[in-house]
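Enquirer: Dock chain B against chain A, hints included.
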Amino acid sequence: MNDSAPSRSSGFGVWLLVVVIPLIAGLLLSLFIPQPVIGTINLNDAIYSTTASDMISQIRYAHDHPEIKAVVLVLNTPGGTVTDTESVYMEIARLRQVKPVISVVEGMAASGGYYLLSGTDYAFAKPSSEVGNIGVIGYLPPAPAVLEEVYSTGPYKLWGEPRDTFMREMEMLKQGFYTAVSLGRGSRLKAPREVILRGQIYPGSEALRMGLIDELGSVSQAYDKAAKLTHISNYRIEDLRTLAGVPTPPTNPLPLGFFRTKDGVSTGYPNNPGLYMLYIPNAEGQP
Amino acid sequence: MKPIRIIIAMVMLLVPLAARTLWFYQGTYQRTGSIPTPDFASFTIPQPDLSTPAPDQPTNAASAAVKPDVLFDLSHGNAYFLSEVETLTKAIDKLGAGVIVDEDSRSLFEHLKYVASLVEIAPTNPFSSNEIREITAFVKRGGTLLVLTDPTRNFGGATFGTSSNSNMSSTEVTNLLLAPFGISFNDDYVYNLVNNDGNFRNVSFEQITSSPVTENLSKIVLYSAHSILTKQTALVEGDANTFSSLTDKGSNLVVAASAQENKVSALGDMTFLTLPYNQVADNQNLILNIAKFLANGAPEQTLRSFPYLFSRPITILTPADKPIDPVMVSAMSEAQSSLEALGYTLDFASKLEDGHDLLVASSLPLEDALKPLVAPFKLTFTKEPAPTPTPAAGSSTGLPTPEAGGFNPNTETMINYVSVPGLGKFETDGLGLLLFAPSEKSNTLIMLAGSVSGIKDLAGMVSSGSLNGCIIQGQVAVCKLSSGSGGGFTGGG
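As given, the protein sequences belong to chains A and B, one line each in that order.
Under my numbering, think of the first position of the first sequence as 1, with each following residue one higher.
Under my numbering, think of the first position of the second sequence as 1, with each following residue one higher.
Next comes chain A alone, as it looks inside the complex:
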């Protein structure tokens, strides 16, 4: 019995040392293994300087944080300015070098919105979502003129470029847009070029048949797809706007931003001349 008491206490010590402590240590250490996160970026607005800047902040955050394994881009946008659309598109391409980006269309991914969608790894839409409208629109700048009170050093210093050049520039941008779609969708794109470039907008079910999207589905399915692509499970979903500290956007419904005159009057179309990858249903008073 005397031998057994030290032996029992020795056995308990060994048990503690060999099993319990390492297990507790392992459990504690395992907490340092981060739960995978699928980040969500919501775009529920047109694409213009503010929204593009917000999106880019979120994309950069996702890029720089390893726990974020994939990003789901939830789109409800008619598109927007060309430059802002291209900016976001390029940031998405950079992010995709390291993490998959899945897009899902809620109400609409038109024009510039579709430009972004085409640059993602996989695209979902609802059967009735509006998808497509590939192309560029432009509101011509004023015709060059000479003003009595304003002097400039060249004929286009005030006006930027000839109106005709402005029109032709759209064609160049259209080439970029189509190429982005063509490269992004690759062999999944079934509609021929001349059909794509008609600029038509399609319901999700038709967009699927044309190869403009990959699947009809919801945001949940988009998360599942993102998890599958990245081989993760038991993931956490986070709004990247919150993680990146991007201020919550105002709750104004569309139209927002540049769809507003200086007097604060909302318009259904951009109130400044310019080039847009934007879907604008024809509206009363539209120039």
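Note that these hints are calculated values from the structure, not bench results.
Wrong hints could be hidden among the right ones.
Claimed, not checked - Straight-line alpha carbon distances no greater than 30 Å define the calculated DSBU-like cross-link-like pairs of lysine-lysine that follow: (1) 480/B to 113/B; (2) 67/B to 292/B; (3) 322/B to 351/B; (4) 383/B to 480/B; (5) 231/B to 219/B; (6) 174/A to 113/B; (7) 249/B to 174/A; (8) 249/B to 190/A; (9) 231/B to 371/B.
Claimed, not checked - Some chain B residues close to chain A (C-beta under 7 Å, calculated; not the full set): (10) 7; (11) 8; (12) 16; (13) 22; (14) 25; (15) 27; (16) 29; (17) 38; (18) 40; (19) 43; (20) 199.
Note that beta-carbon positions come from the ideal geometry of N, C-alpha and C, so glycine has one too.
Expert: Chain B in isolation, oriented as in the chain A frame:
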């Protein structure tokens, strides 16, 4: 510590780590290949296929001393500014023709009496049936009609400073105008995603049928154009990739057509006339062709064009060997000032000069010197006794009364008559005759009246510009004049 215990400890340490790892991660994400993005630097702004500027054309003003005029209508809510089509108006001017603008539809009839051509660009106010009839008649007697529409100018004449008082589109308005010629515009625009000039709606056309408007053209570009339905001559057609916006289909869509032996040309675009689009492909030559087409309009001259009956300087024939009545001087003066106000140059001479038109005025009876000029009209001048009086109804005596007319006193009175083929026999007293003989070398207008004062009345018609009160048959007008005792139609003929 025994090695086995160390191993167990390590396992115990790693199990939670492995479990958590496997709980979350079943593999790793590996991107294969790079993300393809467009080579944005490789995209360039498509440049227009600029044409060689058309050479300056020598004017042909020498071919006609009075230049032909081209009428640009701005009276039907036309959705354009004249300044926008300066490329065309300048080309017309270089050809020695004049440009006239009609801003009041009431004067359209007056202008059509003398212009060579009518240009209708994007009218948005409907033409009256009278206007359509007059324009159709104008074309049928040799005037040329150019009709341009434009999908970007289908409405909104008011935007262009012209009043628009209808809700009709330009295509609807022009289709009514062109219906007599078998041409109609579709309310669409054509587009081509393959063969275009910088934009799908700027369509290049290379299927061109030769005509006065399209000669020497191999490629033109139209900037938003309506397609045309016609069984007449299709001048410009699109290729297999040119579609109509109405159907998103199309094959050989027509965008320019002609009718009435090329006297009517219709084109579904007007933007090609504006800078800088006039400089693309063969558009400059197209504009020059259109200018020639318009300047060469040559409506047949008839008395209905009165008083615009002359194409050259006018010689007013004066008798060399007899005194001129002072009333005749007054009549000639009125005719001179009226014709000069219309832009004609005049002189007086006793015989016709080469390259001049002739104006002759004479009272009846006809002088021998004028008989050769009047002979082609086959007029017959007679002098007959006044009609025998007949009893007036209700007269108790059965004798004629002066009020009943045909009263003949005791002495027999002779009355002068003129018989006009196809019209009848007229008493010359109080009667005026206008006889018009156009020819390639010289136009001749003969004014005859029963008295010198009647000549003055005829000269007054020149200043009023109207043949109201006249019967017109071919190139002869028989007019009731205010001077003289009466004159009247006696029937027959």
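Enquirer: Against each hint, give a clear statement of whether it holds in the structure.
Expert: Do the hints match the structure? See the list:
Simply put, residue 480/B and residue 113/B have alpha-carbon atoms about 22 Å apart, close enough for the 30 Å limit, and the pair holds. Between residue 67/B and residue 292/B the alpha-carbon distance is near 13 Å, which keeps this suggested pair within the 30 Å criterion. For the given pair, residue 322/B sits about 14 Å from residue 351/B by alpha-carbon distance, which is consistent with the 30 Å threshold. For the given pair, residue 383/B sits about 19 Å from residue 480/B by alpha-carbon distance, which is consistent with the 30 Å threshold.
Taking the CA atoms of residue 231/B and residue 219/B, the gap is about 23 Å. The hint holds against a cut of 30 Å. Straight-line distance between C-alpha atoms of residue 174/A and residue 113/B comes to about 52 Å, which puts the hinted pair past the 30 Å bound. A threshold of 30 Å between alpha carbons decides the hint, and for residue 249/B with residue 174/A the separation of about 22 Å falls inside it, so the pair holds. A C-alpha spacing of about 20 Å is found between residue 249/B and residue 190/A, which places the hinted pair at or below 30 Å, so the restraint holds.
Between residue 231/B and residue 371/B, the direct Cα distance comes to roughly 50 Å. Violation of the 30 Å bound is thereby established for this hinted pair. Among the interface hints, the one on residue 7/B is violated; its C-beta lies about 9 Å from the nearest C-beta in chain A, farther than the 7 Å criterion. For the restraint placing residue 8/B at the interface with chain A, the shortest Cβ-Cβ distance is roughly 5 Å, inside the 7 Å limit, so the hint holds. Because the beta carbon of residue 16/B sits about 4 Å from the nearest beta carbon in chain A, less than 7 Å, this interface hint is met.
For residue 22/B, the shortest C-beta to C-beta distance to chain A is roughly 9 Å, which exceeds 7 Å, and the interface hint is violated. Of the supplied interface hints, the one on residue 25/B holds, with its beta-carbon coming within about 6 Å of a beta-carbon of chain A, less than 7 Å. Using the Cβ-Cβ criterion of 7 Å, the hint placing residue 27/B at the interface with chain A is satisfied: the shortest such distance is roughly 3 Å. Of the supplied interface hints, the one on residue 29/B holds, with its beta-carbon coming within about 4 Å of a beta-carbon of chain A, less than 7 Å.
Interface hint at residue 38/B: satisfied, since its Cβ lies 4 Å from the closest Cβ of chain A, which is below the 7 Å cut-off. With 7 Å as the threshold, the beta carbon of residue 40/B comes within range of chain A, its nearest partner Cβ sitting at about 6 Å, so the hint holds. Given hint, residue 43/B at the interface with chain A, holds; its Cβ is 5 Å from that chain's nearest Cβ, closer than 7 Å. Because the closest C-beta pair between residue 199/B and chain A is about 6 Å apart, less than 7 Å, the hint holds.
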